[in-house]
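Engineer: Based on the sequences and whatever the hints tell you, model everything.
Numbered per the working numbering, the sequence shown spans residues 45 to 281.
Since the hints were derived computationally from the structure, they do not count as laboratory data. Treat the hints with caution; some may be incorrect.
[Stated by the list, open to error] In silico DSSO-like links for lysine-lysine, alpha-carbon gap of 27 Å or less:
id : residue 1 : residue 2
1  : Lys205    : Lys223
2  : Lys258    : Lys118
3  : Lys258    : Lys182
4  : Lys59     : Lys205
5  : Lys55     : Lys181
6  : Lys142    : Lys82
7  : Lys157    : Lys223
8  : Lys258    : Lys223
9  : Lys258    : Lys205
10 : Lys262    : Lys195
11 : Lys205    : Lys262
12 : Lys82     : Lys55
13 : Lys127    : Lys262
14 : Lys181    : Lys223
15 : Lys182    : Lys195
16 : Lys223    : Lys182
17 : Lys118    : Lys142
18 : Lys127    : Lys87
19 : Lys262    : Lys157
20 : Lys195    : Lys258
21 : Lys142    : Lys59
[As the list claims (entries may be wrong)] Simulated restraints, written as ranges between beta carbons of each label pair:
id : residue 1 : residue 2 : range
22 : Tyr95     : Ser252    : 31 to 39 Å
23 : His183    : Lys55     : 45 to 53 Å
24 : Asp88     : Ala149    : 23 to 31 Å
25 : Ser61     : Asp251    : 26 to 34 Å
26 : Lys258    : Pro228    : 17 to 25 Å
27 : Glu235    : Leu141    : 46 to 54 Å
28 : Arg207    : Lys87     : 29 to 37 Å
29 : Gln58     : Arg207    : 20 to 28 Å
30 : Gln120    : Glu153    : 31 to 39 Å
In this text, a Cβ means the ideal position worked out from N, Cα and C, and glycines have one as well.
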Amino acid sequence: MKAVLDIHRRKPEQKNSYRQSFEIEAAPGDTLLDLFHKIQAEKDPTFAYRYSCRGAICGSCAVRINGTAALACKTQAAPLAEKGVIVVDPLGNLPSLKDLVVDFALFWEAYDKVRPYIVRQREQHDYRLTWEDKLSKKHLDQLDRAILCIKCASCFSDCPKRREDARFMGPAAAANLYKFYFDPRDAIHAERRELSADPGFGVVACDSHANCVKVCPKDVRPLRAINLIRQDLPKQE
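Structural biologist: This is the structure:
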């Protein structure tokens with residue numbers, strides 16, 4: 045069947061973006077990423093987009109499809125084409141470099157700021173090796189989910205709070221902060237707690253829109269991670 049894609053285009057040397065439509069054949073089983081490949085091969089070799097694994101593992105091909113962030117390699121094209129024109133845009137809350145390619149600097153800046161790794165103490169007592177045994181079922185489930193984050197930035201793209209206030213860390217950084225927030229092996233819990241309570245950057249700034257939960261391709265549930273950290277923070281007046 046024929047699919048029509050209305051795609052955001054932008055050349056690096058030009059300030060303003062524009063839109064371009066392509067009509068392309070969508071075979072059964074084709075993903076949106078497959079259509080991107082066809083457009084580049086058959087219509088316009090300058091069309092720029094990111095991809096790598098083609099199997100919903102790396103997160104590179106995340107774009108906004110009809111206004112919602114999703115992985116192009118995981119999105120079947122035919123069902124969308126049957127409903128009408130497929131509108132494709134680069135991820136939100138990140139500047140466009142060329143066509144569907146965005147600059148991830150702001151995303152990684154927030155991610156790095158939460159220090160998503162364990163800062164070890166010199167001495168480690170034996171009980172800390174089995175600390176997961178002491179976590180509640182909910183905490184363990186969220187820990188397992190947070191580990192699945194592929195840093196595709198879909199949640200960052202569709203976060204209304206981040207769009208409203210660029211100081212906010214965003215859902216992905218919060219989910220990865222959670223992985224180490226309750227870890228007793230970590231030497232900087234007080235620092236993480238202070239960062240989480242920051243009214244601009246911290247998890248307390250989240251407005252709980254839950255868009256991050258809806259668009260996450262790995263069901264990480266960043267909002268639940270945010271709420272679990274919030275429960276550990278002092279009550280705000």
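Engineer: Give me the numbers of the hints this structure contradicts, sorted from smallest to largest.
Structural biologist: 5, 26, 27
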